[in-house]
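Peer 1: The residues making up each chain are set out below.
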Amino acid sequence: MFSPKFTELVHALRCLPSVGQKSAQRMALHLLERDRLGAEILARVISQSLQVIGRCEQCRIFSETKKCSVCMDSTRNVTQLCIVESPTDWIAIEQSGAYQGLYFLLSGRLSPLDGVGPHEIGIDQLMARLEDSPVEEIIIATSATLEGEATTAYIMEMLKNKHYHITRLAQGIPMGGELEYLDAHTLSLALKSRRTIED
Amino acid sequence: MDAFVLHARPWRDTSLMVDWLTEEFGWITTVQRGVRQIGKKSPPRPMAFHRLTMQLAGRGELKTATQIESVAAPHLLTGQALAVGFYFNELLLRALHRNASLPDLFHAYARSLEQLAQPAVEFGVVIRRFECDLLIELGVGIDWRHTVDSGQTLAAEQMYWIDAQQGILSDHPTGFSASGRVLMAIADHLPLDIAADRRCARDLMHYLLRPHVGTALFHSRALWQAGLPAAPSTLMEKNP
Ligand SMILES: [Zn+2]
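Residue numbers (my numbering), protein chains in the order written: chain S, 1 to 199; chain E, 1 to 240.
If you're looking for bench data, these hints aren't it; they were derived computationally from the structure. Virtual Cβ for every residue (Gly too), placed ideally from N, Cα, C. Errors might be hidden in some of the hints.
[As the list claims (entries may be wrong)] Negatives, chain S to chain E, calculated, CB over 10 Å:
no., residue
1, K5
2, K66
3, M72
[To be verified] DMTMM-like, lysine to aspartate or glutamate: derived pairs with alpha carbons at most 20 Å apart:
no., chain 1, residue 1, chain 2, residue 2
4, S, K162, S, E137
5, S, K22, E, D13
6, S, K66, S, E131
7, S, K67, S, D132
8, S, K5, S, E33
9, S, K192, E, E114
Looking at chain S on its own, in the form it has when it is part of the complex (with noise of 0.2 Å):
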């Protein structure tokens, strides 16, 4: 359009999720024509976080040092280990405050047909983390989908006869969820997983 450097910026800020042409074009320009001080701020925070910002080295999750601030922090049950498929995940857990062990994060789940196994999500990784660990309870929460599914029935299997707890979160009904508007699959599971009521 006006120049090619232009062009080359909406293009590049089409990288961002749920931006297509017309909302980098609108970004660009207000980058350019109202804000060119946020913009200089903006790339360069961008590209420190680049350099600094690495993966802790025991449970993957984005961390300036070698281990992240929950790994380090001696507070937190170190025998309980809690799997989860995304950042995102980390993030809603450990907000919820329901949670006071440590983490490993995979990267995704077992999706067979895009060709994700189990090496591309770090399956590894994980059994690397688990060895001479003090680890005693391992909550597996990924997500209540069928690749999630899959993703806690091979963990499960590579643990067999390891000794850990294993658990994973309860699936089924929300909270505020009316019965008659659940569909089959989580009325199923929320029977399946149904539990005694204790007085």
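Based on the hints, put chain E with the ligand in the right spot on chain S.
Peer 2: Frame of chain S, contents of chain E with the ligand only:
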């Protein structure tokens, strides 16, 4: 029409590209717009291994499935049954061509999923049977009970040769060799007790399917091949 979801992959920002196995048109692909929106109330994503009915809407190449409803209670495939289900889907997407009516294969697929959802399933039997059904559908099914060169009924302890084009041969060694015991078990959908026989049956089906599905690895197989301890269970096909 009756349909199963074979695979769904993200398409554009909020949509899905869905591959279906339908009774009427075989393998078809639709676009489901807006089903991946976060935070908004979006229509549920259709789930694989779940018998559904749907209508095709839209003009032109990219149709959309509408009025998606479940026909029966969903099969909850878990563990190895789920991996085998993925294998069936991978197999179909590699072997089939789009828009060819395959009612028999559709029913064979539905039957196989039902079998996989049973508590004590002989995975090897279910897999070999579905592979045989697929070969028939591809027009290359073979007579599993007789030799083509001499017209004999098979004998359990005799060795035979299987040629992908011709079928089972008693003489003229070409192609793949297997015992009558293995071939008869495949014909009658029976389990094989000896591990070597199970491997032979598996390799034979791969040999017959190879021209139609190619030589690339099946990713779903990796899900039950790596690191499995030698459990005594006969329910598990060790190398399906
Ligand atoms: Zn960490």
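Peer 1: With reference to the structure, classify each hint as holding or not holding.
Peer 2: Evaluated hints:
1. For K5/S, the shortest C-beta to C-beta distance to chain E comes to about 26 Å, beyond the 10 Å cut-off, and the non-interface label holds.
2. No Cβ of chain E comes within 10 Å of the Cβ of K66/S; the nearest lies about 29 Å off, and the non-interface call holds.
3. The Cβ of M72/S lies farther than 10 Å from every Cβ of chain E, with a closest approach of about 31 Å, so its non-interface assignment holds.
4. Between the alpha carbons of K162/S and E137/S the distance comes to roughly 11 Å, so the proposed pair stays at or under 20 Å and holds.
5. Simply put, K22/S and D13/E have alpha-carbon atoms about 14 Å apart, close enough for the 20 Å limit, and the pair holds.
6. Our distance criterion of 20 Å between C-alpha atoms is met by K66/S and E131/S, whose separation comes to about 19 Å.
7. Pair hint K67/S plus D132/S holds up; C-alpha atoms about 17 Å apart against a cutoff of 20 Å.
8. With a CA separation close to 15 Å, the supplied pair K5/S and E33/S stays within the 20 Å bound.
9. A distance of roughly 18 Å separates the Cα atoms of K192/S and E114/E; the hinted pair therefore holds under the 20 Å criterion.
No hint from the list above goes unmet by this structure.
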